[in-house]
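**Q** Following the hints, position chain B against chain A.
Chains A and B, in that order, give the protein sequences.
So the mapping is simple: the numbering used here equals the position in the first sequence, first residue as 1, plus 4.
So the mapping is simple: the numbering used here equals the position in the second sequence, first residue as 1, plus 1018.
Please keep in mind that the hints were generated in silico from the structure rather than gathered at the bench.
Misleading hints may appear alongside valid ones.
[Unchecked claim] Computed list of lysine-lysine pairs in DSSO-like fashion (alpha-carbon distance at most 27 angstroms, straight line):
(1) A:K119 <-> A:K305
(2) A:K237 <-> B:K1153
(3) B:K1263 <-> A:K113
(4) A:K463 <-> A:K421
(5) A:K399 <-> A:K463
(6) B:K1296 <-> A:K213
(7) A:K384 <-> A:K417
(8) A:K215 <-> B:K1298
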Amino acid sequence: MPNLDKWGISLNLSFIFFLLTGGSLTKLAYYSTVQHKVARVRSFDHSGKDIENEPLYEISVQEEITARLHFIKFENTYIETCLDFIKDHLVNTETKVIKATGGGAYKFKDLIEKKLGLKVDKEDVMTCLIKGCNFVLRNIPHEVFAYQKDSDTEFRFQTNHPNIFPYLLVNIGSGVSIVKVETEDKFEWIGGSSIGGGTFWGLGALLTKTKKFDELLQLASKGQHTNVDMLVKDVYGGAYQTLGLSGNLIASSFGKSTTADKGIGPSGTIQLQCFILWQGEVQALFLRHEGYLGAIGAFLKGAEQDNPNQYSWGENYAGSSGLMSTSPDVYPMQRTRSGTFDMLEMDRLERPLVNLPLLKDPSTYIPDTVDLTDDAMARKYWLTCFEEALDGVAKRAAASQPDSIDALQRAEKFRQKYWNKLQTLRQQPFAYGTLTVRSLLDTREHCLNEFNFPDPYSKVKQKENGIALKCFQSVIESLDSLGWEERQFALVKGLLAGNVFDWGAKAVSDVLESEPQFGFEEAKSKLQGRGSSAAVEGPPHKCALIFADNSGIDIILGVFPFVRELLSRGTEVILACNSGPALNDVTYSESLIVTERIAAMDPVIQSALREEKLLLVQTGSSSPCLDLSRLDKGLAVLVRERKTDLVIIEGMGRAIHTNYYAALKCESLKLAVIKNSWLADRLGGKIFSVIFKYEVPCK
Amino acid sequence: NEQINGPAFFFPWFGLDIGGTLVKLVYFEPKDITAEEEEEEVENLKSIRKYLTSNVAYGSTGIRDVHLELKDLTLCGRKGNLHFIRFPTHDMPAFIQMGSEKHFSSLHTTLCATGGGAYKFEQDFRTMGDLQLCKLDELDCLIKGVLYIDSVGFNGHSECYYFENPTDAERCQKLPFNLENPYPLLLVNIGSGVSILAVYSKENYKRVTGTSLGGGTFFGLCCLLTGCSTFEEALEMASHGDSTKVDKLVRDIYGGDYERFGLPGWAVASSFGNMMSKEKRESVSKEDLAKATLITITNNIGSIARMCALNENINRVVFVGNFLRINTISMRLLAYALDYWSKGQLKALFLEHEGYFGAVGALLELLDSA
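One chain only, chain B, in its complex shape:
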């Protein structure tokens, strides 16, 4: 294992974000490997590279988001592709086991990891995989990742986008947004739970608040209410449901708008409020319940984000996190709700790499530490 470039440039380059539900892994695949290097590259390093880049699925649950791959990226003077891989947190032991079998520890002295799991699984990494984790704060990593990915762009396209006419199916359009001057920024990270950060500069940010009603709540409740077993299934059901059968709207109570306080009749007054009645419980479908769950969680996050933005006097709100993955219903609703309730003062922004910023941040920390 004689390397001349110093320890930080040991391949492989990984960034790991171990969340409550999902593990996000980013892997930098060097494309500028010289013949000499190839010669020197140890066998198990090569096998890891081949394994990760030639597959799009790993085991029964690991998935590589091929469409997110960043091509021809230059990192620390090396050219390569950045790969985005995710698997459920409950498969963490199997992942550590695999690392151990592939003698990962012989390649690398430290692995940069963030998220709560970096703490929770630290012991397992050490005992099972003989690996020393470099633990990083998840919010530091998140911001670092967001700023970096936005700056390099998405293979020539804009990383950041917004929705124009979010409620009008015909006219709704996804449009690029230039986040060149990002500050100040409200960053809403929707994972299993939700954290809301006010970011004033690269180094200056604070966690304003959070809520435990997040992606995990949507998925968990959907499992209980509909018997579904995957996030994708839950979203698919939601897309065919009608939440107004489940929720009690302002107009259900007032017959129309609640004018005294300027609340429109279509606004939800009580999520799941119709389910107090037996007849209505019997008349709703699983799809309706899934949709209502999605709307409830999304509205709640939107409303908290709006109040934070108001308090912090910030008008750009960036939503990230894996709750938004393949979840256009929520994104459009957030875009609409923020616009409507703030009377056009607030703008909801989204990023293509939704849930991977923490992992990217961890990778950048690894390279920075050199």
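Just chain A, with the same shape it has in the complex:
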């Protein structure tokens, strides 16, 4: 079990579960509490002190314990090693029973009971499978994909429909079961076939010299089934036109192997093909984590007292092996690897995630603007872009922990890990679902976290927040001196100028590194194009939801004056910030401190806070981008309660890479400054062009 003892993460197994397939693979699911470092901010007690030269707040790194679900798939031959591993880590557990399912539950029962001293409790396979399927459909976006035989992109991922039922689960194990799933607890077996994976393997072993499943698959990929199968064109000489059956369809499998003159070589290969002809609206869909469903489901069943279904979970890209191509010709090595040792990790999220109630159609909402699995040119650009930025990110990560003796070492490990992920994605863009700028950013955050860099920008953010706060009052004064119309433009311009200050954008971080004095006014002058005040014309809104972007100038000099203006108009404001750190984005806990400090200077903000007209919430996310279908439940509740009628989304990550095309039920304003010349080019503008998208839903 080489990959389990990861650096800095101590495993504390509190629950384990086995799925033992009768065949060759064992799947192990366990629940661990992962101890990792998180950055925390805490406000100093400033009362009566001169705060001129003090940092704004205190940053501390603390140990936090979070729950993580691990799923591992490995060949049965490693089972003893695996049991030893579990024995070693089986601490603090009150569990006296280990759950197991599948044919192997019988086979390995004695071994497990002897080694671990735990009683083996068997669970029903299909029930587990269905539970697992429901779980991944709910918690893993881009879990489901369609397979396209004759297309550039092999896999096409689907967005998860908010209502996953009803569906038909066709489980192809050694045999085939077809189950109709209507609700979480209501499902029935409606048919099946004994011709399944076991038949392929069994027949393959009888007919060829190859005896292992993976090798049989490889062999089959090299074979030509038309030498063995009788096709429609072998019978008709062409297509069977009356029925519209193509000549290439198989009329009779193995139908040609009867004719003596067509001998099959000693190492002759066979291919079992399964033709499913769907009619109408039915589509054959596959799951990225098909192999884990049983283990996940049985785990959920066993962990019912902990009720994992009440939480939301997120796939940890750093700890999960991706989906591999089905074409062994292209990447034979990777295919073999994934067949023998494969992992999935899911982090338990602190709070449940739900749809933004204002989404126009949650079932068709796709957060990401560009699908990089589809767009080869954009993919190439972004992968290169992330590769080129990697050294800098690693350097910054190391620099963020000057007191740590092994920071350099960990930064290098991070660099290698993310580099490898990027290389995997170059070859298999679909490895983790649809490849997007968001998934690239999120993977980077996950990798940083894995090597205990919870918040590389914490000090930068702290410093910038301090500087910006000092300018707040003068910015407000100059705004207040303007006439109404002028002020609206200045506010919008300020909002956009603030957004220039973004360490996540390479073009900007270069400027900020070399010209630390680069100021708010200069940023304003760099902007290409202008916004409009359309959003604040007309009667005031009831409540505005603002998704904030960066710390420092962006939130304090850009967003807050705008918030203040909205409040003065009588519009309530919900300010949503990330739950966890991502780049230099302002986090919820930072926003609390910043707001408190602004309130101390500004009576409008102060009274709004007191009267709960300005509400600070967390998004539930730790991503530089924004998925409106996975937001903190508290936020959603508040949005509904306050009858939110305006949504403002700010920044490249949230308004361009994601949500550019998001349709909402209410008015929305998406604004960002394009800080990437390639993207600016692509959108037909210049760098530092302004995106200002004000949308009113049609009635």
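**A** Frame of chain A, contents of chain B only:
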């Protein structure tokens, strides 16, 4: 060649069904030939009649199924016997050659043929045999043939039958079934591959689905697995084998029934599933493998047929096609499986002339075209 009755009544009357594996030929032998006609009958027509009716085997592979012959049939006002002949499709070139040598083209302007081979060999018929084929759709012919043969009966007996107590060797009985009101009907034609049709009336039917795992798969796999070379040999081997050594049953996985989903322990969970293991591969005989192949193919067809019947809301399922020829194992299994899995809702029916309905349909088309 002066005939007074018009071209449709030219003898000989043939119907041809050229399938993926077998060619089925039906021949109507007129028994009411008048002396005058006999006089006029050209020499090669007479020789064809004599050749076909006086032999039961043709060449090394052609066979006349004497036991299926329909006697004293009246077709288009003529009385005669209907003969059923089959030979492998790979001997098609020899057949065309023979037709050419016997100057078949001088007798007849068109030959009605159905099956994929009617298309595939059309060119050969024209160039080698100087014969113009009348190509007919195989499913049209199949249904026409089934309805006709069932209506005339089998020499006074019922064409259609079913099995009572299909799994009980002692009590199993083949009993006649009255198919007078045939509609709606699920027709499962098991040739090299399988087609499943839902028939609502003489003209109204649709192909519901099909599977490529059919008779050709059974025979092909048996050849590869056992080294046998004929269908008969494959079936003979299968009758002495034990498929449970080869297949993985529900009880092999669960130790008994899989109660949560109501699956009995004896049901096959994974066909050939035991063959994943080396020891088990070494302990099975060729007979076991042949039996497992037969059971696999049959169960699969049964299961697809059951789902179609359920979807189409039809409870009578008629199985035809040459896969069922001398194949009581499959017929009984189909009868049992359909009954068991549908909890008695579905009935499996069989027809005596198994694989010949397409050819009969082609012959009827010929006569109808007059």
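**Q** When the hints from earlier in the document are held up against this structure, which numbers fail?
**A** none
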